[in-house]
Structures are given as C-alpha cells and as structure tokens.
Amino acid sequence: MKYSIGEGKMINNYFEKEFELRYFEMNEFGFASPTTILTLLEETAAEHCYSINHSLYQLAGQNIGWVLVSGMMQMERYPRYKEKITIRTWMSKYTLIKGFRDNIIYDEQNNIIGRAKGLWVFFDIKRRKPVRIFDDIIKKWSCCKEESIDYDISTKIEAFDNPDYQLEFKVNRYDTDMVRHVNNIRYLQWVVESVPMEIITDYYLYAIDGRFMAEANYGQTIVSLTKDDTGNTSFLHTIKIKGTDKVCATAKTIWKKKETGRHKTGNLGQAYGI
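Going by my numbering, the sequence shown opens with residue 1, and the numbers climb by one from there.
Worth flagging that the hints you see were computed from the coordinates, not collected in a lab. Check before you lean on any hint, since a few could be wrong.
Claimed, not checked - Taking lysine-lysine and the DSS-like style, the derived pairs with C-alpha atoms no more than 30 Å apart in a straight line are:
(1) Lys-84 <-> Lys-227
(2) Lys-93 <-> Lys-82
(3) Lys-84 <-> Lys-156
(4) Lys-98 <-> Lys-82
(5) Lys-126 <-> Lys-140
(6) Lys-156 <-> Lys-246
(7) Lys-126 <-> Lys-246
(8) Lys-84 <-> Lys-126
(9) Lys-129 <-> Lys-170
(10) Lys-227 <-> Lys-156
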C-alpha cells in the first residue's frame, strides 16, 4: 500500500506532496491525530530530500543526518478520515550548519488548515556534532524567504521541576530514529499523554512549540512533566531522564475548545501573548 496518493513535486522553490488520511491515522474522535500530522510533515521533508538525490538513507550512508532542535506546529483544524490534504514545504533560511524548514497544510479546497516550522541541524552521526550543509543541497533546494509562521522558534522554553501532572515512559527500540535519537514525534506523544484527560476529551491541540536539547537512549526511563500555564488551555512541559537532572526537551501547548464542524481558532500571536 502506498503511503501517499501522489508523487511529490517541486514548484519553484517549494515542494508539495498530497496525502489521503487513513483509518489507523485517526484518533477516537475521527480526526487525524497530532502525531499523524507530524508524521506526514516528516514524510514530506524526507521526500524533499529524496527529490534532490540526497535521501535520508543516502545521507546515513555517509554518517550524516538532519536533527530537529526546535519547532512549532499550529493547526486550525485536523483533517477527517479519507480527506485529502497537500503539504507544501520549503527552506526559508540557511546558515553553515542549519536551516529553517517551513510548511503549510492545505485541504482540498485550498484552505490553509495548518502551519509548521522547524530548525534543523546537519549532523555527523558518528562524531555526534554538527557539520557544514552540502553545497549541492543548498543549490538544489534553493531558498524562499517567506515564512509559514511569524514566530521565533529559537527562544528558550524554561524547564521546571514542580509539575501538576507527571507520567513515566520506558524508551524502547521503536522510539529511536536512524541517527539513534528518540524521534521528535515520540516526545509529542509523551507530552500529550501527561495532559489531563478532560482536556484531551473536550479540547484539541491547537499549537505545540518545542525545544530539543539532549538525547535519550534505549532502556532509559523518561519522565514527562506538565503544569498549567495560563488557565486550563495552555500547558508547559519538560521531558527529563528519570534519576538525573538531564532535560531532553521542553515545550508549550495550547488547546482549543472543540466545536461542531470546523475548529474555530484565534490568532497565534494572541494565543501566545505576543
């Protein structure tokens, strides 16, 4: 079975890929889960790499990979079962060792239903340190200075030790990716799991803003700490390794009340108080 319903394609400095949402990608309410959307964003980025003959597997053969250090996803609404969406991705800025990847998610009527932005570092897997991005990658991807979200994803999100809610998870083999990091999607799952059930039932995840600071390894126990930020619709999160002071990730989530039909949301800047 194919993962998508169409091949990805380059359009000017953008890359686009179309997906049809499948049953096992739905949550219990019949909408795509946040982890599904992150997975599709990751798949689109991977195919963008493949389209310029620098696939993630080819890079891995050279002991090179892309590592996410910070990112944000904002969803106006989540697609339903069998709904078709198109993800547009592009690079908006480069330095010698890192690049900003922007994304916009469209429905079949070309309405924008989601946005995402990530800061990725080009990484030597064997030496565990950043390296210079290949000139050929920058040349073939080019660059578009347009940004999907007008928000600085490099600002620090402070860790904390006084949670209102807490859960523990064991790091299993399937939690890690090809560069032996815990996959960033797994952190989102651990964050959401520690949010109160009444929030999960009556609200949907509107935005998540995350920072990834340190690696967690197979066999370790992760502690997901969550505390109220502003009322009961915004939370702060810290992911730590149990028994240590090592912080792997921090995040902030914003939740919106579910409504019949489309989710209605406000301005992201207003929600973040900026």
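Here is how each hint holds up against the structure:
no., hint, verdict
1, Lys-84 <-> Lys-227, "35 Å, violated"
2, Lys-93 <-> Lys-82, "34 Å, violated"
3, Lys-84 <-> Lys-156, "35 Å, violated"
4, Lys-98 <-> Lys-82, "36 Å, violated"
5, Lys-126 <-> Lys-140, "26 Å, holds"
6, Lys-156 <-> Lys-246, "16 Å, holds"
7, Lys-126 <-> Lys-246, "22 Å, holds"
8, Lys-84 <-> Lys-126, "39 Å, violated"
9, Lys-129 <-> Lys-170, "26 Å, holds"
10, Lys-227 <-> Lys-156, "17 Å, holds"
Checked against the numbered hints given earlier, this structure breaks hints 1, 2, 3, 4 and 8; the rest are met.
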